[in-house]
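Chemist: Now that you have both chains on their own, put them together as the hints suggest.
Residue numbers (UniProt numbering), protein chains in the order written: chain P, 1 to 356; chain S, 1 to 288.
I should point out that these hints are in silico values taken from the structure, not numbers from a laboratory. Note that this is a predicted model, so its numbers are computed, not measured. Glycine included, each C-beta is placed from N, C-alpha and C at the ideal position. Any given hint could be a false lead.
Claimed, not checked - Some chain P residues close to chain S (C-beta under 10 Å, calculated; not the full set):
1) Gly57
2) Thr77
3) Gln88
4) Thr95
5) Gly153
The lines below spell out each chain.
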Amino acid sequence: MARINLEHIRHAYGAKPKSEADYALKEVHHEWNDGGAYALLGPSGCGKTTLLNIISGLINPSEGRILFDGTDVTHLTTQHRNIAQVFQFPVIYDTMTVYDNLAFPLRNRHVPEAEVDRRVKEIIDMIGLGGWAKKTARGLTADQKQKISLGRGLVRSDVSAILFDEPLTVIDPEMKWVLRSQIKRLHKQFGFTMVYVTHDQTEALTFADKVVVMYDGQIVQIGTPAELFERPRHTFVGYFIGSPGMNVLPAEIEGNRAAVGEQSIALSFQPKVKAGAKTELGIRPEFISLGREGMPVAITKVEDIGRHKVVRARFADRPISIIVDEDGEIPAEPRVSFDPKAINIYADSWRVGEEA
Amino acid sequence: MEKTWNNKAWFMVLPVLVLVAFSAVIPLMTVVNYSVQDTFGNNEFFWAGTDWFMDVLESDRFWDALTRNLIFSAIILAIEIPLGIVIALNMPKKGIGVPICLVLMALPLLIPWNVVGTIWQVFGRVDIGLLGRTLAALGINYNYVQNPIDAWVTLIVMDVWHWTSLVVLLCYAGLVSIPDAYYQAAKIDGASRWSVFRYIQLPKMKRVLLIAFLLRFMDSFMIYTEPFVVTGGGPGNSTTFLSIDLVKMAIGQFDLGPAAALSIIYFLIILLLSWIFYTVMTTSDAQG
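Next up, chain S with everything else stripped away, as it sits in the complex (with noise of 0.2 Å):
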């Protein structure tokens, strides 16, 4: 049978197709038009080839940021995904608890980034802040500005805060949906809470742990607003992620070029391992 194409559709989507290259591809071209070439101003420009890359590439700065957000995206990843489930396996699942809980959740979630930075950054200030005077008090020396551990304890404290409830409310509508006769027949079954977790909570949450566990990872990786506005990046180098690094490079250094290399290895970094993630786990679903 001969296939019919129906052209019409085309101008259809081609509102979208022309929103899309302006706001998407446009953009990224001229990245990538940076990243092979090089400008002294005046609108001249240089073939440069991979030099950028290679640049990029073999410098100890990139390595290390990468290292570090590597480093952070595992921390908070393997905090937030249990406590999220803990969190969400706790939660009411009737009465006026429901409503009270799940705007608690999601009150973390409406506050924009930069104003969350804000908060926690004079928050943890040892003189003005309640938890610095107040670990000040308790004899625990605790400075952010100073002290690089410190500095990463706050950042993923911040994370944590800010971003948990979302691990929470996508696993409790996954528990939400499991009808009641799978815990009576678990009941009879005579299986313990561990199984009951095990055989019927955690399938059913799985899909939506994926997505959980890739929307936190792929954020996570891409962190910029909260140490930016926090540390700054410091102490020293010690909180400089790709994406502050990227915006120093750009905007502090304007070298353009190795900026315009370093977005597009960053951006693949983050499909790449995405697909990953994505593909490992759906793959041992489908095995499983």
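So here's chain P without its partners, still in its complex pose (with noise of 0.2 Å):
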């Protein structure tokens, strides 16, 4: 259990970096409080995996430090760090028995043999392979293997925090569903640091206090869940956040107005924009209302995906998703309204605030 900084980290798999293109990693400057649950959020090749292999010290940073507990830990082996992490497919020790497979890590600590034999019949009840235990690890399915990992991740109690890196990406959905619960309840009950890398947004906003969004190589919004999805920092968690996505639209910042096509809408603020930056307008498929009021649309497709539908449409030549409730009804001539403090305005892709 401990606090994690990281302090100015940032990391080229090249051995001379010349631009900032060249960073896989650009500069991360953060702190991972103790007990916390983060899930890192981002699209394949954001550099999630690579900042969480510098955390557990498989990777060396280029640059920065790591701190534990406020102690430096940027030069220590991934021994000395007393952290789990679970890769994203399985990693077994095949000749072993699947028992033996979640005392390796303890045996490796020279643990007590009695605390290795309480702790994996713990884990081993936990992961449901009890029948299990006295056969070799060779002959399982990629998920029970996949469950083993997971064991031997969870199976230390004493560590400074546990890293997944997409741990159920291999896991069949009724039992992601289970682990998820085990893993929190786990984490509630032993309090260790919790990273939790994923690219599955429902995942990550089910999971975590605190979500951390990755996009090329940088973390773009740290948050709780209802402060990605209504205040996105970065035109990018507004898109990769939330079914549909957010609706982004160029517009003219005119005092506290917005100007999208013809159409003038009212902002609840008055943001200040930079002069000659490329500004847009953000606004969330939920808090568009369809209406015989407002600006007019043209509707092209609706799809009802169960509880409510989702009306794809074009406003000002742009296409536009719109969410209405499952009974709400769709005039023939439609209009929208959007609501003015759901607005934000964005210059160069980054949230504009009001003091701006």
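Modeler: What follows is the structure, encoded as structure tokens:
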């Protein structure tokens, strides 16, 4: 259990990075609170795994320092950092039994055999492989193997942090849900710091207290699920979180109004935008209301997805999505209005606040 | 359900069958033919039954040569397999070093057997060879022509030089197929260097090691060219292996009957031992 500080970490896989683009991980400066549950969310190749491997010590960062509870561990090996990590694809020692696989990390650290037995039995029941304890791990299915990998990560109760690198990718959906809630329960019970990499937004949002969204080698926003939903700091977060993602429309800012095409939309604040910046208006499909009042739109498609409908439409010659209740009517001459409080303004893709 | 027989398939394999018959079965049957008959030339044959087999099995010459073969194979396996594993573990995994090491490793394998023999025959000579002269200059009394131990050492060092590469290349192929995640997980689990070898690398190399072991056993048990070139089976009979004895018997003395019987016994021993090794190693694999 530890507080983890990343101080100005940057990493490039090449030997001599020349430009910003050579860095797989651009500057990351962040504190992970002791006992926090973080989800690291982002598309493939955005640097999530690199960041995770830097924390666990599998990769030495090109620049910057890592502190665990204030102690510099930048140059400590993985073994000395007391960290558990679970990988995307199952890693098992296939000549060992299931039991020995789970006992391996404990025995390597010379934990007394009685304690090993107690811990392993607890974990083996949790992952539901009780009947397999004495069998060799070789003949198991992919998701059983992944459960063992997961178990090896969870078996050490004294770790500073547990890092999960998309561990449930190969597990089938039903089991996914069970394992997720068990991990959550263990987190509550032992209070280890948890970093969970995923590209599945529902997984991230249900799992974590704080979601860290990464894009193109940098952290674009850290926040609670609600913050990410209501106030995306970057248009990428807007697109990536939510289904469908946020509507982002090119807009001209004039005082406390935004002009999108020929429409002028009232804002609840007066954004201060630097001259020459590319300005955009972002609004989530949930905050657009469809009715007989407001600005004209042309509906192209209606998708019924159960509890609500997604209406695809063209507004000011741009495609937008609108979420309408299941029984909400769609008028013949549709018009839309935007909830002013839910509008975000972006300059060069970054959100502009009232005070900025 | 009735099984359908596709007789056309026979026509497809027929050419191969004919080829195998000519290249393997017919010569082998000729040997069987010689082994149970006696001939005094003139194409006259007399039935000899199992006499030649009994003669061979009762001769000290056969048992001595067989013992030498077994000792030789045991020694070179005991050296080449561990040495091959150690070298493979220490080979670079990426970068410019990989092709360099692979080419260096492959070189001895590309040299014909009799050339290898000639190289070491000259290399070890006390009068002109680099090794022989150097050892003499260091005051070590080394002479593979007169001293049986020296002759054995020369043959073993030569075989290790020639064939360890094969074990290295096979093990290396096994090692590079291990995904990085295994090494990363081992680090996370706090595994020692030995544990990584014992639980990750060795299990992944098991299959190729079995192949390496069988190949090296069969080849070393059949060794002929190199000792023939280097020592000619001497000094005395100290490096006369079964193969060398066989040639002496068949071509030197023209005892075709006993030579044929010895050939068959030799062949059966190799077959039997290979089968035993294979069975033992694969069943332990299935249980393990």
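Chemist: Could you run down the list of hints and mark each one as holding or not?
Modeler: Taking the hints in turn, this is what the structure says about them:
no. : hint   : result
1   : Gly57  : holds, 8 Å
2   : Thr77  : holds, 7 Å
3   : Gln88  : holds, 8 Å
4   : Thr95  : holds, 5 Å
5   : Gly153 : holds, 8 Å
Of the numbered hints stated above, none is contradicted by the structure.
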